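Trainee: Residues per chain, in single letters:
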Amino acid sequence: MKRLLAAGVAALAVAAAAGWVLTAPKPLDETAVSGMTGDPEAGRLAFAAGGCASCHIAPDAEASDQPVLSGGQEFASEFGIFIAPNISPDEEHGIGGWTDLQFVNAVKEGVGPDGKHLYPAFPYSSYTRADVQDILDIEAYIRTLPASAEPNQPHQLAFPFSIRRSVGGWKLLFFSDDWVVDGDLTEEQQRGRYLVEGLGHCAECHTPRNALGALDTSQWLAGAPNPSGQGNIPNITPGALDWSAADISAYLESGFTPEFDSAGGDMAHVVENISQLPASDRDAIAAYLKAVPAVN
Amino acid sequence: MFRTASLTAVLVAALAAPAIAQDANPAVSARQAHMDLLAFNLGTLGNMARERIEYDADAATIAAKNLVALTSIDQTGYWVEGTDADTLMESHALPAIWENMDDFEAKTAALHDAAMAMEEAAGVDLASLQAAMGGLGQGCGGCHQTYRQSDN
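Read top to bottom, the protein sequences are chains A and B. Sequential numbering of the first sequence, starting at 1, is according to the UniProt record's numbering. Sequential numbering of the second sequence, starting at 1, is according to the UniProt record's numbering.
For reference, chain A alone in the conformation it holds in the complex:
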């Protein structure tokens, strides 16, 4: 009996150790960024494609050419309230003191500069599909923006989500940099996929989530409840969105639907960002959306 108990304890210890190893953050090493330099001018566009300012400017700040990325906006969820951090170039409170590798690991792998997991309210599960060069460009651009000494506020999360290590289990189950829409895509559709599935992180609002908050890829872009309030984010698969590619592209530039209604709320912010990209990128997004599996 004693031996059985000892064996049981040992098995538990092994399982716990295995769990501890499996849920550990897995940052990229220095080779991921070696020999690369960010270009702030290219970064301005990648930053717009990523919609970074929409979440990281102060709660009441207006959009600006020189956004102050002081953080502070609150994002309510079933798991608690996430508060966007300061990502301005401030040395103490922002990303000023981070290395390139720390920045890339945060955006692409969801690992903070302290080596701990970040919560996926920060859409690294989309950004992980972005190229390292684009991420370095974004970092270089952010470093040209005004610094803010606004201190970060802790997230207000319920147990067990308050334990950062729990994110390791979530990543094991759901974190992947594979493309969702696979198969034979044209070069234009692939560019659109890069923008939609990666930097643009469109699916974060347009795709429904499971009980653990992960995107349900079988319902890719098929619409979901609005995370920031009442109502629904629309289905933008060909099963519901019957606009022509030209209409989609024009909407992303102007905010006007084919009936000349005008985008509201979060989507108006998205239009403001995406309208800064070259027309070819908006056409690429439209081409991709036409190639996504239709969900009714």
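Treat the hints with care, as some may be off.
[As the list claims (entries may be wrong)] Which residues of chain A face chain B? A few of them, derived with a C-beta cut under 7 Å, are: (1) PRO227; (2) GLY231; (3) SER254; (4) GLY264; (5) HIS269.
Calculated from the structure, these hints are not laboratory results. Remember, predicted model here, so these are calculated numbers, not experimental data. From the three backbone atoms N, C-alpha and C, an ideal C-beta is built for every residue, glycine too.
Starting from the structure of chain A, add chain B where the hints point.
Mentor: Chain B only, in chain A's frame:
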């Protein structure tokens, strides 16, 4: 027989009417109608800008003048407290409007300025109309970003 049928129709209509009136708040209906009129005139200009219909300087000028007229209307009667999206199903207007009425009115005024710029441009040529369209988009979007519910 015919009279009976029409009398029935009138009675049905009379009984149904109050129910409909109860469903939609008149201030919400009025401002949604206002938005529809804006969209109709924007459509004339926007479809020319997108070259879906042929450019017509006279029609474009009329649409632009209508936008100027519509954005000149005193709307204070429509935007009454207690008619926001949290209170009424049919409303998409966020409560933030009533917390920041000065800013809301400034954004409404910005759309009026964009409409006046379009009035100048619409009759000149297609390129001028296309150039002025962006300002109208920003005029609509500037307000919708902060004050309209995402759902649309």
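Trainee: Evaluate each hint against the coordinates.
Mentor: Against the structure, the hints:
1. PRO227: Given a least distance of 9 Å, the restraint on PRO227 of chain A is violated.
2. GLY231: Interface hint status for GLY231 of chain A: holds (3 Å vs cutoff 7 Å).
3. SER254: holds, 4 Å
4. GLY264: Interface hint status for GLY264 of chain A: holds (3 Å vs cutoff 7 Å).
5. HIS269: holds, 6 Å
When the structure is compared with the earlier hints, a violation turns up for hint 1 alone.
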